[in-house]
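Peer 1: Residue strings, one per chain:
There are 4 protein chains.
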Amino acid sequence: MAVKVAVLTSGGDALGMNAAIRAVIRSGLAYGFQMFAIFEGFRGIFENKIVSADRTFVSEIIMRGGTILKTARFPEFHDNDVVSKAADNLRFYGITHLIVIGGDGSYRGAFALSKHGIKIIGIPATIDNDVMGTEQTIGFDTALNTITEAVDKLRDTSSSHHRCSIIEVMGNRCGDLALYSGTACGVDLIISPEYRPSEEEIIETLKNINLNRARHALVIVSEKQYENLDDLRKRIVTETGFDAKIEVLGRLQRGGSPSASDRVLAGRLGVYAVDLIANGIDNVCVGVINGRLSHQPIAEVTKTTNPNLDELLNVIDKLK
Amino acid sequence: MAVKVAVLTSGGDALGMNAAIRAVIRSGLAYGFQMFAIFEGFRGIFENKIVSADRTFVSEIIMRGGTILKTARFPEFHDNDVVSKAADNLRFYGITHLIVIGGDGSYRGAFALSKHGIKIIGIPATIDNDVMGTEQTIGFDTALNTITEAVDKLRDTSSSHHRCSIIEVMGNRCGDLALYSGTACGVDLIISPEYRPSEEEIIETLKNINLNRARHALVIVSEKQYENLDDLRKRIVTETGFDAKIEVLGRLQRGGSPSASDRVLAGRLGVYAVDLIANGIDNVCVGVINGRLSHQPIAEVTKTTNPNLDELLNVIDKLK
Amino acid sequence: MAVKVAVLTSGGDALGMNAAIRAVIRSGLAYGFQMFAIFEGFRGIFENKIVSADRTFVSEIIMRGGTILKTARFPEFHDNDVVSKAADNLRFYGITHLIVIGGDGSYRGAFALSKHGIKIIGIPATIDNDVMGTEQTIGFDTALNTITEAVDKLRDTSSSHHRCSIIEVMGNRCGDLALYSGTACGVDLIISPEYRPSEEEIIETLKNINLNRARHALVIVSEKQYENLDDLRKRIVTETGFDAKIEVLGRLQRGGSPSASDRVLAGRLGVYAVDLIANGIDNVCVGVINGRLSHQPIAEVTKTTNPNLDELLNVIDKLK
Amino acid sequence: MAVKVAVLTSGGDALGMNAAIRAVIRSGLAYGFQMFAIFEGFRGIFENKIVSADRTFVSEIIMRGGTILKTARFPEFHDNDVVSKAADNLRFYGITHLIVIGGDGSYRGAFALSKHGIKIIGIPATIDNDVMGTEQTIGFDTALNTITEAVDKLRDTSSSHHRCSIIEVMGNRCGDLALYSGTACGVDLIISPEYRPSEEEIIETLKNINLNRARHALVIVSEKQYENLDDLRKRIVTETGFDAKIEVLGRLQRGGSPSASDRVLAGRLGVYAVDLIANGIDNVCVGVINGRLSHQPIAEVTKTTNPNLDELLNVIDKLK
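Chains as they are written, first to last, in my numbering: chain A, 1247 to 1566; chain B, 1247 to 1566; chain C, 1247 to 1566; chain D, 1247 to 1566.
Please note: incorrect hints may appear among the correct ones.
All copies of an identical chain are treated as equivalent in the list; a pair is satisfied when it fits inside any one copy or across any two copies.
As the list claims (entries may be wrong) - Cut-off 20 Å, straight-line C-alpha distance, at most; resulting in silico cross-link-like pairs (SDA-like, lysine to any residue):
#1 K1365 with D1398
#2 K1365 with N1294
#3 K1564 with F1303
#4 K1491 with L1555
#5 K1564 with A1524
#6 K1250 with E1557
#7 K1361 with S1305
#8 K1566 with T1302
#9 K1453 with S1540
#10 K1470 with K1491
#11 K1564 with T1302
#12 K1470 with I1492
#13 K1295 with H1408
#14 K1295 with Y1441
Since the hints were made in silico from the structure, they are not lab data.
In isolation and in its complexed conformation, chain A is listed as follows (with noise of 0.2 Å):
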């Protein structure tokens, strides 16, 4: 009999979760397994919100943004009976491993699962790069993309008025959006958890970039890093000589469409956790280490400092 294996999305949604969809269940039906599709994440296993599905189901797909299985918060699942009645509800269609596309919350309620004889595998897809076990995430490169494009916008409209454009980024407690973008886009500060100037700091160096006749300036700062930006901006505006304005990226950072590499990663990570189940391998999770594709244990894995980041922050002290 077929293996049944059934994949779901979870947490906030990432641009190429759409394609990783696609890649399981294209390369589970490659190997003869039934794939199931749950939506809205764990509560829908909990709602039985169960179909099956073929290789149509996923055409058209791979371009698109956001998640074709929608996800959804489900705080009840910390809860071990709804967990337990979860793990009855995908035993009762017969399906013995669950792939689970999302970032770290989501791996929770994966290992809970996984409690209660469910083999699970997890694929990291989150925009702010800060999944255990993994270099990369699925959904990072569109984000930084995003990003990019955003403050070259703002770029020249900041030169028209002399002003300083403080520009809100995403990330959660993880400033691998703000310190790459702002490494893309050349800023002249980039405010996150891993690199935080004093506001002496920030005052001083916006003072000499427009005594030095800078046009505008460029300020990066992660989300959550203030209780309220708007007295650094006051700030700005009164000792620096630029204007200053605060711009909320806001949600279209999920939005568009995936990039060609977030794409690929996502078909790379689908097929090689299928790939995985095919072999006998479960409760891991799947990730870029040292530009090659891994796993490890979900039990065991725990956020990964990213490797690169001492030399990113050397890149950006040298071009600062």
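Since chain A is already given, all that's left is putting chains B, C and D on it; use the hints.
Peer 2: Only chains B, C and D this time, still in chain A's reference frame:
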């Protein structure tokens, strides 16, 4: 002796201003005029930021955002002595004609200068489409495309989270950006100065959309319509069944590369302005009326009510 | 009994066709009409590919490229018996009115049907902007933006290699795409049916540009102007001092998401077409004349010479 | 006395070259080196197109396409006397180190110079991803995104006409652009040097796709694979049931603004190259191996076979 003509940009920057500057300077040179460029708007006249401009001055700028001539606030220009001094500065160079690229406020400054003997021509450029004497302003089309792309990006992520995205767009006191972009995106609700449903109606509409099993709702709202838009957001979360988030598009709406249509409009209006000077016509503002280039005395023009507004409201009503 | 109205797309696809389909069907339903959609153009009538269409039939299509109704060549429609059979097919469903979205060729098919008692309305949609009875067609604006972005992309790489890029654009027998995109991009030379310099002039112009130390040259040429464009390219390499390459933009010009302006135009024309039916007017084609919606008997319209052409040629001449 | 370091770009331009130039010059200055820029590649050394470069020399270039230093063919550099003269020119300025940004051919020129006493560092930049000593070249990621967006654009219009679009991409003799973009776009067939189905297989595959009622087919083919691609197109039209058109993406693949990933890679490799010089290491080329910055003696490197190729071919096979 050659006619001496200067050009400046004023007010908020708009995509296509550079294309207009280029058209003015190149076509002026084609007539054998001596052309001047003024930096930082009316302040630049007062502070003598005036340079001679040749063909290469405007090379490779047609596709660039912002304005190479910059723009600046200069409230002192309400003072007659300041205007008089500015007119003297122009005369010092022998400049008899000034072409002002900007919005209504810029026209007022131009009109003030005209009383001191400077012959002026106004070219309408602002993303808000709220300038007297024209059906379309330079910059409006590009801003519309930028908003439309942003809303398209928010669509998928809104669906993934069963969310109502409330997207705030610019427009100053004019709803054109909201009405046109809302039509272009097929949003569920547009809230603008011209089309202002009550909070009850808004909630009712969104409730019905949710009951009809829509996966998301999209609402476009003009800036300056609500003292606290977050109150509306909270009501939506509580009463309609949708999650809700506010997205403020901000100055991204001023950024990027001008659309083909804005560049062509800038080229046409710039050449037309210089043609008028060559024909001895001045103290007018140029624009598009009934799809054709036209001009009116700057003293007499008042805001043209958008002639297509009723028709557009009919379209919105039929397609909602 | 409800009026029964069908809609089809025909000819080459144009961006915004889907927005027009949506507008037709939604506004028809708003009037209480029963709406039908026909697949694959006139062939679809003959082959009975006719379906009933409700609101959700056109959900989430406003931003999509191509046409959900598809389009097909059907030369057999020149045969009167075929047209008669098609009219019978429509009558079988009780369909009295047909809205045809397409170009001149599509109008001819529509006109043929009208002689068999079907009441028709034509909506102009083609990237070539060459349809009678309107100043602008649905799809033209987007194609213009696509070309403009492509030329902008070629600019830097042309500079890096001291190259003359010869960019071939569509347009069928109409030069509008070349003339407007050439103006929007500030290219060095436009070659179109309306503006056709001799080879000697072309070489001379490019030589002078090179002598003036330009880093690149950009030439836009309408399709179907040269039997062998490569011969011209070789002369440029040999005689002007520039390297030269031909870029054929191809069907990319039909792709992407429609511009805001094309979507709004599609919405306006679609609603207007249905308004006319509601008012008992038919056998007309709709369009924009003098910036306003208008309609003319389909039997009488001939190609409107673009009223802005002389003015545009003046702009091109002044800015070259 | 300050170390004197020069930088040039050579070969075909690649997106991100400017970001690499910026990184080299800024980080050189950070070390107190005196930095020089050379125009037009190796020819520029021979012709003494050498200028001193400060911070502002590289301002506002990080996002620009092409290369501000230009590039040129210079076959004369195969002549040892020419190389010797070039080395003398560099020594005249006191330049001891040269950083060469380009592809394999550029490395050969650099190696020749190293035999004349110039210490060189190679930085890999080409859209083709075919440079020895690195897994990824600067410019590859952007080209991949450009191709991916183009294929997405062709998708809808192909569907509208029931068409097989045959899209020719660059790559020189390396199939990476075809293989990665084909994976990213989920195309029906990829034809590259590494993955070369017979004509019979191609026709068979497309026939089956048509029989499965697909609305379109997408085929990506590497350049230089067919003497006459149009013959294949004609067979497809005759034998598969699809209409078929060829789209040659051409130099658009070199245009645009570099992706975030290419800009970050350029920054990292540029800083790393200068770090090596500061540490007394030279005559190496830098690159990314196993996801980490690394360098190898330029004399010894040979083309690294893409270590991910087998894995990628597995992905393509599973998802076809």
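Peer 1: Against which earlier hints does the structure fall short, listed by number upward?
Peer 2: 1, 4, 6, 7, 9 and 14
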